[in-house]
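*Asks:* In the order they appear, the protein sequences are chains A and B.
Position 475, counted from 1, in the first sequence is what my numbering calls 475; the numbers after and before it change by one each time, with no gaps.
Position 337, counted from 1, in the second sequence is what my numbering calls 337; the numbers after and before it change by one each time, with no gaps.
If you're looking for bench data, these hints aren't it; they were derived computationally from the structure.
Mixed in with the good hints there might be a few duds.
[Unchecked claim] As a list, the in silico BS3-like pairs of lysine-lysine whose alpha-carbon atoms are at most 27 Å apart: (1) B:K346 x A:K380; (2) A:K388 x B:K216; (3) A:K308 x B:K217; (4) A:K380 x B:K44; (5) A:K215 x B:K346; (6) A:K330 x B:K144; (7) A:K178 x A:K91; (8) A:K388 x B:K144; (9) A:K401 x B:K219; (10) A:K371 x B:K217; (11) A:K10 x A:K271; (12) A:K80 x A:K199; (13) B:K86 x A:K371; (14) A:K388 x A:K199; (15) A:K371 x B:K346; (16) B:K216 x A:K330; (17) B:K346 x A:K19; (18) A:K380 x B:K18; (19) A:K380 x B:K219; (20) A:K271 x B:K235; (21) A:K330 x B:K346; (22) A:K401 x B:K88; (23) A:K401 x B:K235; (24) B:K88 x A:K371; (25) A:K401 x B:K86; (26) A:K187 x A:K251; (27) A:K308 x B:K144.
[Unchecked claim] Facing chain B, a subset of chain A residues (Cβ under 7 Å, in silico): (28) L92; (29) M333; (30) G351; (31) M352; (32) N357; (33) Y369; (34) G372; (35) F376.
Every residue, glycine too, gets a C-beta built ideally from N, C-alpha and C.
So you can see what is in the structure, the chains are spelled out below.
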Amino acid sequence: MAETAAIELKNISKYFGGKAANKNVNLSINTGEILSILGENGSGKTTLMNMIAGIYFPDEGQIFIDGKEVVIRSPRDAFKYKIGMIHQHFKLVDVFSATENIILGIENKEKFDLKAAANRVKEISERYGFDVDPMKKIHEMSVSEKQTVEIIKVLYRGADILILDEPTAVLTPQETQKLFSVLRKMKDDGKSIIIITHKLHEVLSLSDRVAVLRKGEYVGTVRTAEADEAILTEMMVGKKVSLNIERSEPKNCEERLIIKNLNCVDREGVKILNNVSFTAHSGEILGIAGIAGSGQRELLEAIAGLQKVNEGEILYNNPKTGECDNLRDKTPMQIRDLGVRLSFVPEDRLGMGLVGNMDIIDNMMLRSYRKGHSMFLERKGPRDLAEKIIKDLEVVTPDAKTPVRRLSGGNIQKILVGREIAAAPTVLMAAYPVRGLDIGASYTIYNLLNKQKEKGVAVIFVGEDLDVLIELCDRIIVIGSGSITGTVDARTATKEEIGLLMTKSTAHGGEA
Amino acid sequence: MKKLNFHIVKREPMVWYKSVLVRAAAIVAALLVSAVVITLLTGKNPLQIYASMISGAFGSSLRIWSLLQNIAILLCISLAVTPAFKMKFWNCGAEGQVLISGLATTAVMMFLGDSLPYPVLLLVMLAASVLAGVVWAVIPAFFKAMWNTNETLFTLMMNYVAIQFVAFFLKYFVKSGSGVLAPMPEHGLPVLAGQSYLLNIIIVAVLTLIVYIYLKKTKHGYEISVVGESENTAKYIGINVRKVVVRTLVVSGALCGIAGLLLVGGTNHTISTTTVDGRGFTAIMVSWLGKFNPVYMVLTSFLIVFLQRGAGQVSTDFRLPSAISDIVTGIILFFIIGCEFFLQYKILSAKNRKEND
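Take these sequences, add in the hints, and give me the full structure.
*Replies:* Printed below as a string of structure tokens:
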């Protein structure tokens, strides 16, 4: 078929510093097609799309639209060529309504007519099956509604080529399905859609073709009909990887950590945890699922002694002494002095778990430097530990004296998890431990958690990828707006079931 | 694209001898530029000017002692602000902390000098000046720790309070009514080997070593680094941040106290509102330029004192307005600070980059 592509990239390269973020990328998309851009974190997906959307300017190469070479210097230029991008982080004015946001920045000689605009918004919504109230204010909207506004904003400007950057990262499974059906409708309407993602099953269920990037380089494009997960992973990673997590049956389960009716409020007095109760057993991985920002962070921080608790109890059964201690209102120091071996891999690695400007040895020392009565530091133990972790977990680093911020995300995480595990914990809490990690590093982390479980540690795992939660955990509790909305057995639960619980609201007499 | 034909790129850390070379090149470049500026502005031979600068700093044994003494005081104050700065507590109050300690020393010398035996007097002077420095530093630290007040403004305001205290003291306790206190060398610190500044220099040398060890090798120093780098990490591992803030400012204030003692008891033997003479602020520059490392700070304080003394000599020798020497000092500092940029970044032209790949 000698059809001209809607958009074609030829030998596009972009450099940041000396590093190539994209190198000699060739790509084309036809009208009425959904193309997925697949690649691991840092493989240059977003950079590439930003060049089409006019946010970056390519250092080398050419862009063709309908067979003609074009120069896109700004988002305004991109709109001229009917290209619109929906970014991962929304760019909306909170106090404006949907319609006001949509028409914001459109230069128009005609009289300003909000009503007419709202009608057009409605028209677009109906055409593609969006569900949005044009007059609703952004700050009253859920994440998925905000995303809808972003998409309509682009359509309103007449875009024929839509680029969506990780649109499903913030959505529940149900919302994802809805988005996909809308995207399919747009495709039937003759739009070209590019979707950036690293989730394989989405790629397979949605797109016509998949373009794979690896470390900034273009690997190839395959027809989805001819691809499966194994092929795509191999293209993405560059080698065969096994995607199985070996889950053993929980053994010797004892009640290790019992949370009873935990209530917390934030600085403004808004409730962030509402009557949370659950029990974490030794020898078990307990998953916590929920939309980001539903209170996961506060829950873990409350257990670690970093978040003020207003009501409730945090009980710890000490396996050594057989005693039961209440950890509520204790500082991290006091918790440790009680003999509670609680390890915590926080969400914010460099801002909380580690000190970016310190080298690996000094970061190891964070947990142990207090030991002994001498006023001087003892660096030998931490140095040995650093060497051991570098060797055991295959950390890629010039040496143990390298500041951790110079390492890649996966290696930073290995250092943090390695240190927390080295403390021989009885409870290990990990918040989003694989966020931003490539597939190989992610599986290393899953294996480490599994080994801890087999050692009899009570592992609490806060995750965002439901597929992983279902494969890795034994039980999953689901948290929604600060309340526990359900507990499921990970061996039998489905993604849809968890997705429903994530959005269910139990608080304040909402529908149960 | 033609518009952008160069890029600024962060570079890998340099090998040490290269970074020494870059710094040396910066100083040479600074001297060359200054030479051109001097010739254009005054018509004098720049070589003579440089000779005069060197003579001003090293020209006689008296000048050398005076140079060392000035380095010692500046370095001592720089050592004092460094622990706080490393913790990202912007202590801009060294000026006031040193001055108030000097005032405490003066008061002890004046009122107790004749009644106490000399060794006891020295101890009381030390205690009084350290205590005064600590109080002046801990007040803003306490407010910062408890209510998160802005330490920069707080410490700056404390400077004015200290100056007014000194002015008050001089007005009411100087019997002649002139407001100028006659020096009391008989109650000052002991003179070693006939060199009145030797003791100061030795004390500061020892302090440099102690502060270096405190910051690099002790648990306290480690806690200071962690709190400075990330307060969240500090809380996460159970450091009591408030305690560390107050404790570090006790150390900072105590060192300012010693600086005040050396300045009044070991050098001037009297006090005025300008005794510290801006060194509380110059010390901030010394500390930053020395990257909070006491050993490097020896070099940076030497550089700054050398430039000041040399420039002063140039003004007298050539009857030039002092602004000329300020210009030279400014040019030299500009190059030295500016070269830090080239140690961390490199500039590539667009052409170059393609060749590299």
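*Asks:* Does the nearest C-beta of chain B fall within a distance shorter than 7 Å of the C-beta of L92 (chain A)?
*Replies:* Violated: closest Cβ of chain B sits about 29 Å from L92 (chain A), beyond 7 Å.
*Asks:* Holds or violated: are the alpha carbons of K86 (chain B) and K371 (chain A) at most 27 Å from each other?
*Replies:* Within the cut-off at roughly 23 Å; holds.
*Asks:* Going straight from one Cα to the other, do K330 (chain A) and K144 (chain B) come out at no more than 27 Å?
*Replies:* holds, 23 Å
*Asks:* Take the C-alpha atoms of K401 (chain A) and K88 (chain B), compute the straight-line distance between them, and say whether it is at most 27 Å.
*Replies:* holds, 23 Å
*Asks:* Given the proposed pairing of K80 (chain A) with K199 (chain A), does the C-alpha separation stay at or below 27 Å?
*Replies:* violated, 31 Å
*Asks:* Given the hint that K308 (chain A) pairs with K144 (chain B), test it: the Cα-Cα distance must not exceed 27 Å.
*Replies:* holds, 21 Å
*Asks:* Holds or violated: K401 (chain A) and K86 (chain B), Cα atoms, limit 27 Å.
*Replies:* holds, 20 Å
*Asks:* Measure nothing beyond the straight line between the CA atoms of K88 (chain B) and K371 (chain A); if it is 27 Å or shorter, mark the hint as holding.
*Replies:* holds, 26 Å
*Asks:* Is K308 (chain A) close enough to K217 (chain B), meaning Cα to Cα at most 27 Å?
*Replies:* This hinted pair is violated, its Cα atoms lying about 34 Å apart.
*Asks:* Holds or violated: K401 (chain A) and K235 (chain B), Cα atoms, limit 27 Å.
*Replies:* holds, 24 Å
*Asks:* Restraint: G351 (chain A) near chain B, CB-CB cut 7 Å. Satisfied or not?
*Replies:* At about 5 Å, which falls below the 7 Å cut-off, the nearest Cβ of chain B leaves the hint on G351 (chain A) intact, so it holds.
*Asks:* Check whether the Cα positions of K388 (chain A) and K144 (chain B) lie no farther apart than 27 Å.
*Replies:* violated, 40 Å
Of the numbered hints given earlier, the model fails hints 1, 3, 4, 8, 11, 12, 14, 15, 16, 18, 21, 26, 28 and 34; all others are met.
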